[in-house]
Amino acid sequence: MRLRRVRSLCIILLCTIFALYITMQYYGESREKNLLTLQSTIKDFREKPQGVLSVPWLANMSAGQQWYTDKKRPDSRDIPFQLSTTKLKATIDSGKSKHLTIETFQSPVCPKIDNDYSVNTTYQMNNIYNQLAFDDQPGGVWTQGFPIEYKMDQWKEQPLEVFIVPFSHQDPGWIKTLEKYFVTETKPNLDATLNILNEKEESRFVYSEVSFLDLWINTLSEEQKQSFKRLLLNGHWEIVSGGWVMPDEAVTHYYSIIDQFIEGHHWLLEHFDYRPNVTWSIDSFGQSSTMPYLAKKLGFSQMIINRVHYEVKKYLASRKALEFMWHQPWDAAGSHSILVHMFPFFSYDVPHTCGPEPAVCCQFDFIRTEKYGCPWRKLPVFIDDSNVAVRADMLADQYRKKATLYNNNGLVLIPLGDDFRYQSTHEWNVQLDNYNKLIQHINSNPSYRMKIHFSTLSNYFHALNERVNKMNSTMSTLFPSLSGDFFTYADRQHDYWSGYYDSYPYQKFLSRILESELRTAEILYSYTRQSVGRIQSVTQLMPLITNLYQNLTTVRRNLGLFQHHDAITGTARPEVMLDYSEKLLRAVDAARKVITISSAYLLLLPSMLKSDIEFSNRRRLPVSSQFKQTLVQLNDEYERKNDDSSNNTSHSFYSLEDSLHNYQYSEPILIDFFENNKNSDVENTRRIYIFNPSTRNHSKIITLHVKHHLMNFKAKQIISNSMDTLNHQLDIQLEHSFIHDQHKQQPVSLLYLSPIKLYPLSFICIELNVASTATSSSMVQVKPQLIPVINDAEMLVHNRPQLFIENDYIQLEFDSKTGYLQKMLNKLTGQSMDMKINFIQYKSLKFDSHSGAYLFIPDGLGEPSPNPKSYRYTKGNLVDEVVVYTQYVTHTVRLYKSSGLQSQFIEIENVVNIKVGRPTDIDLFMTIQTNLSNKDRVFYTDSNCFQFTQRQYHDKIPLQGNVYPIACGAYIEQEMNESDDRSHVKQYQRLNLFTSHPTGVVSPKVGQINVWIDRRSSRDDSRGVQSNLHGEWIVKSQLHLFTEIISIDKTQTIPSLTIFSQHILNDLLRPIHKFYVNQSQLNSLFVTEYNLIPKFGLPCDYELVTMKTFHNMKIPIRFHAAPNTQVGVIFRRHAPVCYARNLPKIDFYSECFNNHVGQNELNIHELFGSIQLKHAIQTNLTMIPSSISSMMGNSKYQSMKMNRIHVNSMEIEAYYLV
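Per the numbering used here, the very first residue in the sequence shown carries number 82; after that it's consecutive.
Source of the hints: derived by calculation from the structure; they are not laboratory data. Every residue gets a Cβ at the ideal spot worked out from N, C-alpha and C, and that includes glycine. Be a bit skeptical, because a hint or two may be false.
With a cut-off of at most 30 Å between alpha-carbon atoms, the simulated DSS-like pairs for lysine-lysine come out as follows [stated by the list, open to error]:
id, residue 1, residue 2
1, K452, K257
2, K904, K1117
3, K864, K788
4, K917, K788
Pairwise CB distance ranges, derived in the manner of DEER restraints [said to hold, decoys possible]:
id, residue 1, residue 2, range
5, S525, S505, 29 to 39 Å
6, Q866, L690, 30 to 40 Å
7, K917, Q714, 53 to 63 Å
8, K691, K996, 48 to 58 Å
9, A440, N510, 40 to 50 Å
10, Q617, H543, 26 to 36 Å
11, D354, K281, 50 to 60 Å
12, N1205, S416, 44 to 54 Å
13, Q883, K691, 42 to 52 Å
14, Y453, L314, 32 to 42 Å
15, A440, M552, 31 to 41 Å
16, Q883, Q1107, 29 to 39 Å
17, A214, Q1107, 43 to 53 Å
I would like the entire structure built from these sequences, with the hints used as guidance.
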């Protein structure tokens, strides 16, 4: 009996091996891979004597595969796995399903945690929201507050010290463009201020936006510049924040926030040796919890904030907690806490800053006697001897009432300004003369128990520090702590400022593209510039490469400008938004020039050095004219294009990234096989280069567009190693389609290529060939099927089969009536989830409060969008997709069939085109209804793409107040039933939704997550922009949707993504860059592979945020990476999140858990030795050394240098490389 069983198992093994052999011959796999596969099968057989073999590609096809037009190829994983593996069998329960065995491995359940995340703060914003009734109770003269009383004995021991801070808030674009504002408002303000502060010793001024200073400085004489510098250094004129703009904090990415601060601070250092130490965020529409962390890491000590929900202000004011230490929810030690001062009242103008009674305070904004006026019908009265006592009593009363709202031992901060104030010396004199009379009267009369003086913010915080020190106390013990953020902002009643989360989404889309382009341009330029500065034989290319720096500066500043709180928010006038759009598009062109020329240089560099060695007789001769001419030609081609936008001269080497136009859908760049080939019958070959901006290896399916309907494509990846060059044959999926090209239909061949093997920060080469006759079986042509949508009556007659698409890990079921997604099956876990997608639209309320650029005020419940008219599905060897055509949206759901991250998520693409002949009201959301039970309708949204924050839908708040901003993503989750209540580690099923550009989300029902995709408004919402929200832009949004099972340690939990999820997000936000070689002679000059860093890349929880080059002569030479050049890097380390016990055996996990287990440090020389950088010197995030004195001792300098660096979890750190 036993012998018979062994014999049977042997027969099964032989039959299986024979079947594999036939299959491999059919699919044309390489011999080396065939042997590996056979060995794997034999090993599998030995491990499973019961005869359970993993041969997933031989499984029976399901009903969901019946529309496939190709023969599915075996898996092409080529990275060895070293961890212990298990086989998890996922049974697909879809009626007509197949049994698919997915290979998995056991992960570390919980990565090591190097921080204590148990944080307790005095106030937590989620708890405050639970306590508040949000019932808008009237507060008397302080409408949104409460009556305030005080006793003069409060200041018996020490007089109340009043700090009056003159300021002028300047928007770099709102009603007017940046340049128009500068001419009409900003320059007059800055000129007048310079004169007054030089004339009047008592005067002070604080100012924020460096973007205006950059324009102003060019209008000054050298004497005026020195005068301005003197005022800065003696503290009479203070630059607060010092960023390029005052950024929005809701829909901005932390990368762009940091970058605009870097640009502003380096500008201030270079021009005036000045560094700010206080942030000033008085007009951002809500306050982010990431901002205090960034502020501390940027080197700031204190923050000023203003726009916070009026109920929250009232809550904190009643507890004297308007000054607090703002904590991070993961920072138990409080090492990143920062002192925050919050304005207590409605706004930052004079009526709402001197005290709680705006009708009184307005009378002390003296320029209102000539313009602006007072809405309370009580105008200011100029101060003279006859009224100074009465007026001083009125003003002092307001100061005292405001002071009682703070617990700071007798100090009060009084901002004195508004938008675009102090535009003339006359306005300055009106304010100063009247206030000086009041100040002199109060200060000379002890009965007031008050001392007043003009001040800067630094003066106020310095005095506050002195008071705390005299009490032998510290900021962290004296002031309460708070964690959380301040969204969604409401300034009155139910007027929630959530509309701007999705206003002008096209510009938000452009900004996110530019972020990615800038990051890549920074990295490639840094390597190029460092190489030119270090290698003697290529130094003659220095002028050409250095000239790219001006392009880089343009990109930095235009991206920085758009982070302004009236730009990326979409709350500027239409003509200003158009101006922003044009600046962003110019910046994209500039970035692509830097990227392309830097890429060409790096791809030429090995050939240049080889030529130097072979032909120079070991003498360092200049680089050959051939290489230099190639780069000069590329530069000239870009210059001609910039000089004449209609110039259609083709580039010899150019970016294949989509062509972008104002308010229009992006157009793919077409590869033309016959452009430089007059004989169309001759076989054509073209080379495409791909740069991977990620710091990790992965495999990817890429998309190319070829002009004309062509057949018989072949593709291969040319892989170089130390011994030889190998050709890696690629699979192709071909679809013939059309695009609109200058009002005509252009036939296009859409190609998907796989598997493309990408190495970290590396270039790889693809060779694409089209022949006159069929030459390869690796290409499959697909033909999409267009299906008309039918009504219910017709559905009874037309019995349509279920519609499925799937890959190895995910199966999706669609409504065959409408084409909308209905259900998702995770084959790894075997769990099926309802996932019903639809679209809903809201109309605006028609009363006094209504939707606009700032506000979202819906009129009741949303209505489902009309049923689509048709849909189409495509099933291929590499990609399956279903496209639904609705009234406003072309909605695509796509699955990739790869061995990498792409196989793990659903890609959703929405192209929105709201074509309306007249202004209308519509807010359009995509809804995803699941059967997940997110208890209490809790959901999580990102904070500037840095961390996640818990939200909850509250019925006491209207829908518009429950919408929250996302810069990149959101998720919902439910605890799984099988979790052990006694265990501190709980398992959760999570649904992640990531977005390509910022918007808003809400979870109004259990298991539901709704994401905003576009909007229009017929009226202005009375917040100052004086314009409706109307236009005919077309915007594309891309979403990644997927589920995962995670384990959460509830004792030390913070809302975070898994490393796996983080890389799916990075893949969406930092896509690959493709280039096309249009001159065959370049093929012999360019290398086919070039790696900036070693192929092992960074550990999986590390991220290279950016790598930047500066030419700032104020930085001491010992911080230079090359002559007159500084190179800085910013690294981020992600939070540790517990994984599910079984992970799919894809290349991502293999790389993470095999190569980087336990790796906590980065070896600088190992990573950057190729450009001769061996050490790192830590700086704050501005990338300005903490000590820039040239007199620094050598021992101190040497102690700052590190050859290895360690970044703690959840941290961002910056370094100079030397």
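Hints, verified against the model:
Distance restraint check for K452 and K257: the Cα-Cα separation of roughly 20 Å lies within the 30 Å cut-off, and the hinted pair is therefore satisfied. Of the pairs offered as hints, the one joining K904 and K1117 holds, with about 24 Å between alpha carbons and a cut-off of 30 Å not exceeded. Proximity of K864 to K788 is assessed by CA-CA distance (about 18 Å); at most 30 Å being required, the pair is judged to hold. Using a Cα cut-off of 30 Å, the hinted pair K917 and K788 is violated, with the two alpha carbons roughly 37 Å apart.
As the Cβ distance of S525 to S505 is approximately 30 Å, the hint placing it in 29 to 39 Å holds. Taken as a hint, the range 30 to 40 Å is violated for the pair Q866 and L690, whose Cβ atoms sit roughly 54 Å apart. Between K917 and Q714, the C-beta spacing of about 55 Å keeps the proposed range 53 to 63 Å intact. For K691 paired with K996, a C-beta distance near 57 Å keeps the hint of 48 to 58 Å intact.
In this structure the hint that A440 and N510 lie 40 to 50 Å apart at CB is violated, the actual value being about 25 Å. In this structure the hint that Q617 and H543 lie 26 to 36 Å apart at CB is violated, the actual value being about 51 Å. Against the hinted window of 50 to 60 Å, the Cβ-Cβ separation of D354 and K281 comes to about 25 Å, which falls outside the hint. Against the hinted window of 44 to 54 Å, the Cβ-Cβ separation of N1205 and S416 comes to about 36 Å, which falls outside the hint.
Range check, Q883 to K691: Cβ separation about 59 Å, and the 42 to 52 Å hint is violated. Take Y453 and L314: their Cβ atoms lie about 34 Å apart, and the range 32 to 42 Å holds. For the pair A440 and M552, the beta carbons lie near 37 Å from each other, so the given range of 31 to 41 Å is met. Separation of Q883 from Q1107 is about 53 Å and departs from the stated range, judged on CB atoms against 29 to 39 Å.
For A214 paired with Q1107, a C-beta distance near 34 Å fails the hint of 43 to 53 Å.
Of the hints listed earlier, those the structure fails to meet are numbers 4, 6, 9, 10, 11, 12, 13, 16 and 17, in rising order.
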